[in-house]
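These are the residues of each chain, in order.
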Amino acid sequence: MKRRHLLQLAGWTWLSAATAVSRAAVPTQNKLVVVMLRGAVDGLSIVTPYGDPHYAQSREAIRLAAPGSDGGVLQLDNLFGLNPALSPLMPYWQRGQLGFVHASGSPDPTRSHFDAQDYMESGTPGLKSTNDGWMNRLLQAMPGAATPTRAVNMGATLPRIFSGAGEVASLGLGPKAFSHEAIDDPRTQAALAAMYAKDPQLGHTFDAAREGRGEMQRSMAADDNMSGDDHAGMDPRIDRGAPSANGFAADAQRLGRLIQRDPHTQLAFTSVGGWDTHINQGGAKGQLANKLAALGRGLDALAQGLGPAMNNTVVVVMSEFGRTVRENGTHGTDHGRGNVMWVLGGPVNGGRVHGEWPGLDQSALADGRDLAVVSDFRAVLASVAQRHLGMDDAAMAKVFPSGREGWAAWKGAPLVRTG
Amino acid sequence: MITRRQGLGTMTAALLTPWMSSVRAASIGTGADTPLSDSERALHALERLGFGPRAADAEAIRAQGAAAWLKDFLAAQLQGARVDLPPVLGDRLAAEDTSKLDQGALFERFRRAQQLERQRKRDQKDGQETADDKGPNPRRELVRPVVLQASEQRLLRALASPGQLEEVLVDFWFNHFNVYAGKGPVSVWVGSYEREAIRPNVFGNFRTMLGATAKHPAMLFYLDNAQSVAADWHPRGRFENRNPNKPTGLNENYAREVMELHTLGVDGGYTQRDVTELARMLTGWTYDPKPGWGSSRSLFQFAEERHDHGRKHWLGRTVEPNGQAEGEMALDVLASHPNTARHIAFQLAQAFVSDDPPPELVQRLADRFLAAKDSRTQLRDVMQELVQSEELWSRAAFRAKFKSPYRYVLSSLRVLVPGGGPLANHLPADVQPLLGALNQAGMPLYGSVTPDGYKNTAVAWQNPEALTQRVQFAQTVNQRVGKRPALAAVEPDQVLATLGPLLSSATIDAVRGAAPDMRTTLLLGSPDFMRF
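Keeping their order, the protein sequence lines are chains U and H.
For the first sequence, the residue numbers in the numbering used here are 1 to 419.
For the second sequence, the residue numbers in the numbering used here are 420 to 951.
To be clear, the hints were calculated from the coordinates, so they are not data collected in a lab.
Worth double-checking, as some hints may not be accurate.
To be verified - Once the Cα atoms are required to be at most 25 Å apart in a straight line, the calculated DSS-like pairs of lysine-lysine come out as:
| hint | chain 1 | residue 1 | chain 2 | residue 2 |
| --- | --- | --- | --- | --- |
| 1 | H | K519 | H | K602 |
| 2 | U | K128 | H | K874 |
| 3 | H | K519 | U | K285 |
In isolation and in its complexed conformation, chain H is listed as follows (with noise of 0.2 Å):
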């Protein structure tokens, strides 16, 4: 035991020295200004623009230079195009069979779910079953595993994609139009909103991204606009009339979010009437949950007749009787309002750059929104700004940010994957270890409940059951290390090796000084590896 550990003391330090030397210039008189080096600019564009390093790219970058490798993975990153996924990923996606149904089939699911378990129920009470758990649970065998599946897709691509930042901007668009799992349909769906509505905007058009989550019945079930009808509406056909939940009137819920989260910002001048009156104009934007053949995927219906045909006066404007083009002007105006550019700019600095953003940078990330509104790489013009910019490669930036729960436990599991090797050794069998650390953290995957979705900032997240919860998931990684062909035998020097600029030289000094079966342990439990 001791020759072993002496051995690995060794090779820690053959393997340090060259960060090392990096990290004492950077300890020894060197002020808040002094620019990142090329090595700490290469790890900060991994955590910044992807869910942080793996071994494969600390070895990448010593084989190429970090600036050459830099510049390679800054315009792949950008590139925006769909990335092809290594075919092990590919191939284990693609078996989920449930990321293949659409809107309608998965509504059918659901429905058939909720069948099942009333006729449980029913049986339940007339004893003919008792009321343990033994029979099937139509919940726990149709809906779960769609969630399930969606969970993991977002996961494995988060974890192995090459294609990072779209990873990370998945994400955080998601969050931005945030739909909850919980409620009803929403859980059948959220996959499916988030491969229809968010993933192929997130390089393009926000408007697009706007309309699109605007239409998905995720979010008209979620904020309630399905339901919000015409005040005078009266439903036809004998079901509807005996429907004691047939609604009857306005409901304004997806009417202020729209405006408060998704566009214009809380501050963002509109009033109390605009509210109402946005409404108005989105009455009978709704979902058919059974559209005739030769209908598109999309559930998306306007009906006409639930819809408030009378005039509105909205953000200054009078708005004439116009169905379904109300709702859509409405969404261009606020898509191109001053005050989205800010508010979105604001928030994307806020994630990339920094918890208190500077106001110069939201300026320009704001400018170069509005200039490409109408273009179909808006989004994507606006990271290349994000990109460009001296504030997200100030030496202010570096290290600067708290992880959330998300990218703690990503950026775990993508430290310890070893360097060569088939992919599909190092991806996770199972999910639902990660799933259950991130509901324990208080961050549910799709588990946001309020529509403003997760913070992204230290203040949200930087407490002391944080640390202990962290310091106990390092530890259960640690002990399964090797242990299950989900995570490979991997040496506490390759993570030392693979974070080296990024940590403290006490970091440097506990770990090597403690005894090797910690030292994993203590690299995630550190206070270098809470921050990116």
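Bound-form chain U, shown alone (with noise of 0.2 Å):
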């Protein structure tokens, strides 16, 4: 089965839309956001073809229903359906504001979850020897000033997308992530940057921490939630340990709030962990369908956080591959490679999934055994970049350097809609 209708019906007016978007570069107060499913998701489990006639026969344990049926998938068009757990994000659908692109992944073949991950951070597939990541290219590149939070990352650690030379403010996790710290008692934090500037490898971090922080707080200060507490420290707060979907929520909230608040931040990224399911993965009910819904009330509550910001943000959930379209030997799904990305926000153009399906029947399976990989994901992020961030060309050669003929092959594609 084929379905080509987006790319290659809309291909004639993009020619005339191609000179807007290869203007030179022009900065934007627009926003994107990247939530990275780390684990490897079931794209398939997300939104699934329930009218492809192999998707039934691969799955049984693990099968979504067609729509109508009792569990089935909500109807998203004749081919695809969305995971019911996901019925909070249908809304969003139906006024446009989401949509997907299906079949979508990286080049490079790998199931390793580590490699897979960083080539989907550092933005070159295939190339171990790159050692920032592209969030942080984009950073540099996009036109504009830098101030300390432009970019934001939400978590306890820099993560590889986000390292480089770009400064780079840190949003904690839990609910005290706005509060009164050590580091911000002046008395404190002047002794401390009299040692840190005299530090070549720490100083940079340290001054981040401080402006970011400073900025940050001045946004918030108004919010009525801010936390005045000052006695943070050594309580054993686990909530505040590694993401998962269930803590999502709350801290996707704080994050849109931050967005709104602070109109200098126009790049975000967090991570939601635990999809790697092998064993018992379950269908419309069970443990994906718990995660699904947990993270579909967390990007629910982002866009809630951004309030009117959701009019010129754009969020992109990815992972780093998908799973094994048949069930395994333990009802839940190995490594696999082609997956469903993610596009939510204002500017979207939304309510259809986009992108070539190659289809499930076993020949056009990769290595007989997974979703191919049609759409390369840095050809989606292009788009985003160009149309949403004002990047022209040359300076989005400077975030994916390498596989030109990959990010450029979306070129001007209308995920979103410019201006």
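Make one complex out of these two single chains by using the hints.
Here is the structure:
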């Protein structure tokens, strides 16, 4: 089964749009939030190809039923349906603010989580020597002035995607993320600054902490929910551990609020783990459905936190690779290839599943077992960055220095509306 | 107050005088190739082969002379025999009852918690009990203490065991063969896994450790091999037939990770087909939750009927059907493979020497790994090679690594242990605040969800949020100093004296210029203390 409607059909109209796209870089106030699902989520259980004749026969215990039946998927079109656990996101789909790109992923065939995540974050599939991340290169190449909170990472550690020379502010997890900490005390900060000023390796990190926190706290100062608790520290706040889908909603809403209140924030990243469902994955109910429900609530909370800023924000959700088309011997799925990318936000051309669908018949599968990768993840990202963040071709080539034919393939594809 | 501050200032100056001369010498006109001084080498050893200096170490170095002290220290660390724990520590660890339970008893405890939990949910549904948390929570009462005791064993030993290298290696190898306490019964088994599969082998033989991890129920469950069965297997017995979750075929999770992470490395030259074929060879490697009388303490079981008895083609060889021996052969091949040697050598060199380790060093370690592959002290030999290497003691390696949260927390507490007095007074009474700090920093103990464990490089941990949290941790610790029996009253001067050669003049100046109540916070929050 082939489905080429969007890219190919719309090709003609892009030619006229191309002039607008390749214009010189112009600063915008538009925002991009990337959410990474670490552990390779089963995209076939997110946007399920219920209409593909080979879907139902590939899966048994974890199969999702067609729309209309008990526990069936929520119909998106005649081929695809959304996992019912994600029902809080259906209004976004109906408003045209949520779209998907199916059969997308990396051109590199690795089925190692760690290599695949690395490639998706470095933006250079197959190339291990890249030492910075594409979002940091994007931060440096974006038109307009750099500020301490132009890029915000939410989480305890700085991910590969943000590593590099550009300054990235950190937003911690948990309800006390904006609270006053020892480093904010002027006396302590001044003494520390004197030490760190002389340190070539750590001075930069300290400055990012100081400036980023200062600006975030100023932005949030008027916020009702800001916590003034300064007795944080050694409590066993276990909810602040490795982020899981369940703890995501409150953090996501906080991130949304920060982006809404800080006009300088344009790039944000966070990740959610726990998608490696080798065993008892479940169908409309069960392990994966529970996690997806929490993720759906989290994305909804992010949108609510963004408020009016949702109108100029695009949220991209992605995962390192997909999972085997066929259910494995333990009612789960093993590591596969193609997956689905999500695009959410006011400027999104949503309400449709973009990209070409290679189908699930045996001859179409990668290595005879996995959904093929038809759309390069960089093409999707580049399309968003060019149309939404005002990146010209030269700037884009800095973000994705290799594989131009890969990332430029979707040049001008109308995933998001311009202007 | 003014008098006291001046007094402290004078003391600091007096204590620092011998160190200051070396700091100046290092900063004035010494190039990147200047050899480390004896006292720098001694502190470097405490940091790289242990979790950082205590006041008692600094005193011993001063008393004995750095060169002589270092010789004794290295010999003791590499001995590889089980060290005698100080009685206070030994008694406290021995009092923890769950550390004596075997795999079966631990699993029993997990199952009891599950049953009670189900019962409680049924009761709630029937309205016999309100849905709030008033009733006993079986998980909290039965399972959490086991994980907590395992964590306490790990942290207290790392803080106070004289066998520091063993503790560093336990952390390294646990991480290498990571299991996650948040996945089902792995919670009750993490301590057992560390005690039985990891700790006894850190100075021993790699193949032995690989086999011990492969057969421990924690790993069998964590990476799903316990459930991986031949595609044509049909369970016998009424119960299994009714179980909707019964396995019906392969699960390739462990087969992939054992090659990618534990042995060959991701570029180790295997294909997707090799993964699937190894999974077939390992079918039937499972555990028996109810071993009969007279069984060993291990729950490992090779279930003949679950095994795929077909012929396999793996890593370029044909494997004839041979039951459990197929998997044993595979582990033999993997443990002695040159790519495994390189992979392990790289990881050790990265953990102990440099984020970007010198290739010559990696090659020498790999050669030693292979040469000693049949030795019962293979991994001690490799560590011996590493400790003898000039790369470890080079100026380029000195203070060059960024501490992980685990190391940051441990080194903070160690540097605050006063020199004299009984050790018992200085062990934290409750490790939960430390576990909380590790959670918050993104490095929960036994909490790495993914099988690759935690990284030990600056790229993974150096970021603004980490500095914010560490300064907060330093202040919290500082405010508690002297207020609880857990942390004795330690003067900032002692910390200064212990860390001496590790501090820059900017740090020393800032600490001296600060109010006394801030000095410890500044020392532990300094850029120098972020590194090791």
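These are the hints, each one checked on the structure:
1. Between K519 of chain H and K602 of chain H, the direct Cα distance comes to roughly 22 Å. Compliance with the 25 Å bound is thereby established for this hinted pair.
2. A hinted pair counts as satisfied when its Cα atoms are at most 25 Å apart, and K128 of chain U with K874 of chain H qualifies at roughly 16 Å.
3. For the proposed pair K519 of chain H and K285 of chain U, the alpha carbon gap of about 39 Å is over 25 Å, so the pair is violated.
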